[in-house]
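K.L.:
The primary structure of each chain is shown beneath.
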Amino acid sequence: MAPIQASQQTSTPLSPVELSYLHTSLTLTPPIRPDSRSPTQFRPLIAESDILPSTNGSARMIWGDGGECIVGVKAEAEKNSAAPGGSKDWIEINVEVSGQRDDDAFLGMTVAESLLVPGSGVLERLVLGERFHWKVFVDILLLTPPLSHPATLLTLTTYLALRNTFLPKSVSEVAEDPVFDDDWGNALPLYPTDKIPPPITLLVVSVGENIFFDPTREELAVGDIILAVSICGKKVVGVRTLEGGNGGVGRAVIKRVIKESCQVAEEVFGSLNSVEEN
Amino acid sequence: MTDRRRINGPSEGTAPPVFLTSSTRKAITKRSPTTLRKIFLKTSLTPPATGSAFLELPTPQNSTTPTLKLTASVYGPRPLPPSTTFSPNARLTAELKFSPFSTPGRRRGYVRDGVERDLSAQLSIALAKSVDVGKYPKSGIDVFVSVLDCEGGLGDLDSDAGKGRDSGKGGGVEVGLMSVLAGAISCASAAIADAGIECFDLVAGGVAGLVLEKPKWRKGKKADAGQEEEMDVAEDGDSKPSGKKKSRRTLTLVLDPSPTDGYFIVAAAMVAYMAARDELTLIWTKGSIDPAGDGDGDDGVEEVERVIDGAITAATGVRLVINEAVKERLLLGLKEMGLVKGNAVVASGDADDGDTVMV
Chain A
1 MAPIQASQQT STPLSPVELS YLHTSLTLTP PIRPDSRSPT QFRPLIAESD ILPSTNGSAR
61 MIWGDGGECI VGVKAEAEKN SAAPGGSKDW IEINVEVSGQ RDDDAFLGMT VAESLLVPGS
121 GVLERLVLGE RFHWKVFVDI LLLTPPLSHP ATLLTLTTYL ALRNTFLPKS VSEVAEDPVF
181 DDDWGNALPL YPTDKIPPPI TLLVVSVGEN IFFDPTREEL AVGDIILAVS ICGKKVVGVR
241 TLEGGNGGVG RAVIKRVIKE SCQVAEEVFG SLNSVEEN
Chain B
1 MTDRRRINGP SEGTAPPVFL TSSTRKAITK RSPTTLRKIF LKTSLTPPAT GSAFLELPTP
61 QNSTTPTLKL TASVYGPRPL PPSTTFSPNA RLTAELKFSP FSTPGRRRGY VRDGVERDLS
121 AQLSIALAKS VDVGKYPKSG IDVFVSVLDC EGGLGDLDSD AGKGRDSGKG GGVEVGLMSV
181 LAGAISCASA AIADAGIECF DLVAGGVAGL VLEKPKWRKG KKADAGQEEE MDVAEDGDSK
241 PSGKKKSRRT LTLVLDPSPT DGYFIVAAAM VAYMAARDEL TLIWTKGSID PAGDGDGDDG
301 VEEVERVIDG AITAATGVRL VINEAVKERL LLGLKEMGLV KGNAVVASGD ADDGDTVMV
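Protein chains in written order, with UniProt numbering: chain A, 1 to 278; chain B, 1 to 359.
Isolated chain A, as found in the complex (with noise of 0.2 angstroms):
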């Protein structure tokens, strides 16, 4: 069966029996990608943290597609506000992609939500004393944005920013403003290895009985439905539901889907973690 493309977003130069062959090799066990890839394989990647002098946190993630993302991470000691916003407003995330008019809300909206995810903790770890917060920017810029869905390149990026991302200590008492040690090197980490980490999104495309992660725009095209999987820690702090595909997918598909994104998620996880190292 050719699936027929869903919009304008997802669509490739590929002709409806190229669709139809691609679509039938991925739904094979086991399935053939174009690229030879196994189904949770990413494509290769280049990552580097910590290069920008005069923020926070920063890192940059290049993929062999094309893909260019930079984020920098920077923080302003700001007074409380009785602002409607409350707590929610102390991180604040930009997503400029280049090129391109920011209306799209998605990108901004995934990385917002999965961030401020009630009970990760990072929120009680922006508290300068009685009167002052932490407000942390969050400014994602997308340089050369990937042949395929940007989902996991910036969150990726954004999770080896934040993971560097460090904050002078306070030195003030709790009720006094804020004062702050001279020294960088006893700066505080935003996000303590001992402590829930940033979330990232993965993009998962489900064709037939088989699961696909890191898609290319081909793969998306001819995909049932496709999920970007929200992981923070061990645990799912969001799903959401792209363009593309056509009909519905039984309820089993969506589960298996999550409950395989968490085990690629670990695997991520330790990669990026040794991406720090280095």
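Keep in mind that the hints were calculated from the coordinates and are not lab data. Owing to the predicted nature of the structure, the values given are computational and were not obtained by experimental measurement. Don't take every hint at face value.
[To be verified] Covered, in the sense of this in silico footprint (three residues per stretch, anywhere, with C-beta under 8 angstroms from a C-beta of chain A), are these stretches of chain B:
{"no.": "1", "stretch": "111-124"}
{"no.": "2", "stretch": "255-263"}
{"no.": "3", "stretch": "280-289"}
{"no.": "4", "stretch": "305-315"}
Built from N, CA and C at the ideal position, the CB exists for glycine as well.
Based on the hints, put chain B in the right spot on chain A.
P.N.:
Leaving out everything else, chain B in the frame of chain A:
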């Protein structure tokens, strides 16, 4: 020398008045966790549209209690403008708009913001997969949903509802946006059926949440309770194995949770479900769900399964209402044509939009 020609404000500035939040919103949880709210759904209320529907969740308490009210109108299938490229399928666009007066407190602007764009995108995904788009080449189907009243704010990042625990809400994950989207999907699906557009199945939206049980003695100081429980959850997610005496969190599944119910919701899921085909077209979850199947829940069922199945159960309940609404309209049309006497259907196969109804 002071300026006497103009009326100046006080020199040291003024403080904006701070209003106490009204106590009318403080709802008492009367529903059992597995009971859905009653739904009022009626189709064909907007004459110029090809199909339309109105959905309302009645609240039994009093008329001032905010509730969910939304209308959906469907235009099409109509030809695409000549400037667009050839499309072998119908293009379904959905637009969800909050009325300026829909949220309590702050007014919403007319310009679409990020939340509305995001919900519109999700709505169009949920609907496009249920419509047989291959039957309508070169045409466009436009769905407009307008939210007239969304109960107790949305809990989105830039609304005034994020005040959290001190405003009489339970804290945790906000489900306001989810129930709005679920309502919009159900309402729009009824409107699509009303428009006589061929679908694979009617799609219904359902929400379910995992709620943290509150110890009774702590109920008085809700704020403190919320704080501590959050810490519990945080500990739970720690990667290193913590102390032996770790209290397992007990989570109750609540179907169709309302933001005014005052639950502390740990995780919530919204699904768009096609009941006759047993298929999902959209899933959206918030909050941390533990996927490890080590019997975390009450009955040993994993949290992912519980919350998704719960949302599906809620959607199945909503589906019955959509069925009735579509059937009611259909029977009315048949009666007008003289094909139906009383309630009995004489001939239904060759009716105009008879094939959209699946029971």
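K.L.:
Indicate, hint by hint, whether the structure satisfies it.
P.N.:
Hint check results:
no.	hint	verdict
1	111-124	holds (count 7)
2	255-263	violated (count 0)
3	280-289	holds (count 10)
4	305-315	holds (count 4)
Consistency with the previously given hints fails for number 2 only.
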